[in-house]
Amino acid sequence: MTSAPPAPLIIGVRHHSPACARLVADRIRAVRPAYVLVEGPADFNGRLDELALPHRLPVAIYTFLSDGARQHGSWSPFAEHSPEWQALCVGRATGATLRFIDLPAWHDAFSDTLNRYADVDGAGQEARAQAYLDALASTLGVDGRDALWDRLFEDDTDLDGLAASLAAHFAHLRGDDPGSPGNAAREAMMAEWIGWAVAQGRGPVLVVCGGYHAPALAHLWPAAHARYRPGDAEPATPAPRSAPAPDDAGALPGLRHGSYLVPYTFKRLDAFTGYASGMPSPAWYEWLWAHGLEGAGRRLLQGVLARLREKKLPASTADLMALHLRAQGLARLRGHRAPLRSDWLDALAGALIGDALDVPLPWTYRGPIRPGTDPVLVETMDVLAGDTAGQLAAGTPQPPLVASLHAALAAVGLQLAPQPAVVELDLLTPAGRARSQVLHRAALLDLPGFVRKSGPHWALGSERQERWILSQPFAQLAELIEAGAWGATLEGAARARLEDRLRHAGGRIDALAEHLDRAAFAGLPSLGRTVLDELGRAVAREARFEALGTALGRLFLLHRHGETLGMADAPMLQVVVEAGFDRALWLLEPPAAVPAGAVDTHLQAMTALLRIALDVGSSRREGRDPLPAIDVPRMLAVFERKAASLASAPVSRGAALGAVISLRVHADAAPVHAGEPALRVLDSLAPAGLGDAVAGLLALARDALLHDTHFVAGLDARIRRLADDDFVSALPALRAAFGWLPTRERGQLAEQVLVLHGAGHLSRHHLTARHGAWAAEQVAAHRLAEKQALAALGAWGLTCEIPPPT
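For what it's worth, this note's numbering labels the leading residue of the sequence shown as 152, then goes sequentially.
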């Protein structure tokens, strides 16, 4: 009869709990197990020696998975007082074989998890656990789950009693909950490792895992044990898989995955910053681990008092005495051997806060501190969060991107230093442009220490100077290591990050244009085929003609004239311009009103379409075709129908006809008589729409129309025929229409009008110069009001001599 295998010692813990860390360290020293199995990413097992390097904690294992469809990263953080860290350190010291036994962080079980060592394990499990914790807190008269934990387990309880209490607590916390599918997958993996380790028969097996998982693992490991024999290979770690391609034809290219150690900070561990870590206030628990309850209390007093005085907040010696007395009293009242974290914080609120509070005390809830919290409490919580920052030991492996960034900077004569340095660049020189491209690639990765202070807003802007502030802040290395998920080289990582931004732009052309412009700054003219296809589909969904047209204008200039940026004829710009041109014609054709505030952007969009069509037509006559999908005859037909549509906005009709005239003029066809069709459109409009139609005509065909005396004379005649009130209502739009003309052309038009009125001997300035402080619209409105007043007086038989205007 085969004897039952020796049961493993499974210790359920709360992550970053000093009490649990003490228990784990004690049990490993007492049992001296052959295997210490720790909840952690199993794909890191081949590199556990990296954790033995002399790092300054906290540090974290950052694991990433990236492909053409998703980007996911997750952290497994360690502090000195973390049970998992103590398991690794003490297990190594006692000669145990160490293994991480959880699924890799890129597994689907972690798809919504940023922190492996989080209290939160899924919404359903969180709700059930919270109900149990709330009931227990209410029974014990404790406010909040963290105060409850301290009351039960962080009160320097003897370790035997602590082990029994933890086991009972986690059994009640889990109950009969089967867990989420993600938890089930993780627990199946951990049970496999436990079963394998027990089957090896080398000695005791000790397991350190989250308390929520401990009851399940105690039931699952025997079935896994039955599948293994001594000498069997370790359980296989699942390999990452790419997400399916959009057409389900196979895997997307570019799968990247890996794990690296990164320096971490107590601020990132602190739950009060919104990070779902196991324990809040990491500085407090570090003091508790190193100095015990009484020592932690002394450091809390010292730190809080120093901070409040530094911030000029009330903190006198008398306040300190009152705080100390209150904390001791609360501890005795609550049955604590010494003041716990909640005792000190409650005492501090009672001693230093004199006014009523509008929001709950920040240690009674989870998540970011709420607006309206007293500054004394905000500073106190910041002190307890701590400012400790980790540092990786020399020689710690890093992703290739770290070396690539520094090599790229060195290649252009740049170097990072802790102190900020100003870098001035001349973008018209090859050296300045090369430096700018490197810095923009770093900025695409959102790396701290690369701050652009000034420079052209768009890549083809006229400004030639660019100014950066470069530095090497503490957070830069961690962010740079984490950015290694995007690629091994600076150029490759920046391109991958850009592609991700384009995929998540929501199909909005203005966002796409901004990202493509950043690509021009960074010298990244090419994208993957999948992203190009997605760009085309996104542009085809754009619903705003004005936004689409103005963005096309900028992107077309990059495509046509971006030689110095390496963007001329770039495929990604070709895709957007061709798809956008087609979509813009679809959006333009239906009749639609154009609000007064959108007239300028509407005309800019129409102008962009015309420029693209003119350039394409010219290129094709020269035997080149950089944009083969641009259908100029279709555009001409759409614009002709738009100009003839009585239901369309006047500005659209005028601009469409102006575009038709310009296209025909540039087609080297027979001479175009532009004036007559333009005047026919004006005749079909109400007086209120006259100015907008003229604006459209002049914006897109001013060269042809201003040299057509028939059009100028006809326009003048139509304006003169307007009734006084119609003239006043049409005048603002007419003046805005003539504002599309450059100064010289406005002067030439003024000379033609003077000749028509028999005043050719006068200077053009009689019509173009401003007379007095009143605008022309105001003068016309006042003259109309004056004329109407005189007419009313005349109707009553009253007359008044008004001198003629000078």
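No lab work stands behind these hints: they were computed from the structure.
Quantities reported herein were computed from a predicted structural model and do not represent experimental measurements.
Honestly, I wouldn't trust all of these hints.
What the hints assert, rightly or not - Below are the SDA-like pairs computed for lysine to any residue, each with C-alpha atoms no more than 25 angstroms apart in a straight line:
1. LYS462 x VAL529
2. LYS418 x ALA559
3. LYS463 x ALA559
4. LYS604 x ALA559
Stated by the list, open to error - Here are the computed distance ranges between Cβ atoms for each label pair:
5. HIS370 x ALA691: 23 to 33 angstroms
6. HIS824 x HIS908: 23 to 33 angstroms
7. SER467 x GLY443: 43 to 53 angstroms
A virtual CB, placed ideally from N, CA and C, is assigned to each residue, including glycine.
Checked hints:
Among the hinted pairs, LYS462 with VAL529 is consistent with the structure: their alpha-carbon atoms are about 11 angstroms apart, no more than 25 angstroms. Note on LYS418 and ALA559: the hinted pairing is violated, with a Cα-Cα distance of about 31 angstroms set against a maximum of 25 angstroms. Distance hint between LYS463 and ALA559 is unfulfilled; the C-alpha atoms sit about 46 angstroms from each other, more than 25 angstroms. Between the alpha carbons of LYS604 and ALA559 the distance comes to roughly 21 angstroms, so the proposed pair stays at or under 25 angstroms and holds.
Between HIS370 and ALA691 the beta carbon distance is about 54 angstroms. The supplied range of 23 to 33 angstroms is therefore violated. Under the hint 23 to 33 angstroms, the C-beta atoms of HIS824 and HIS908, about 24 angstroms apart, fit the expected range. A hinted range of 43 to 53 angstroms for the beta carbons of SER467 and GLY443 is inconsistent with their spacing of about 28 angstroms.
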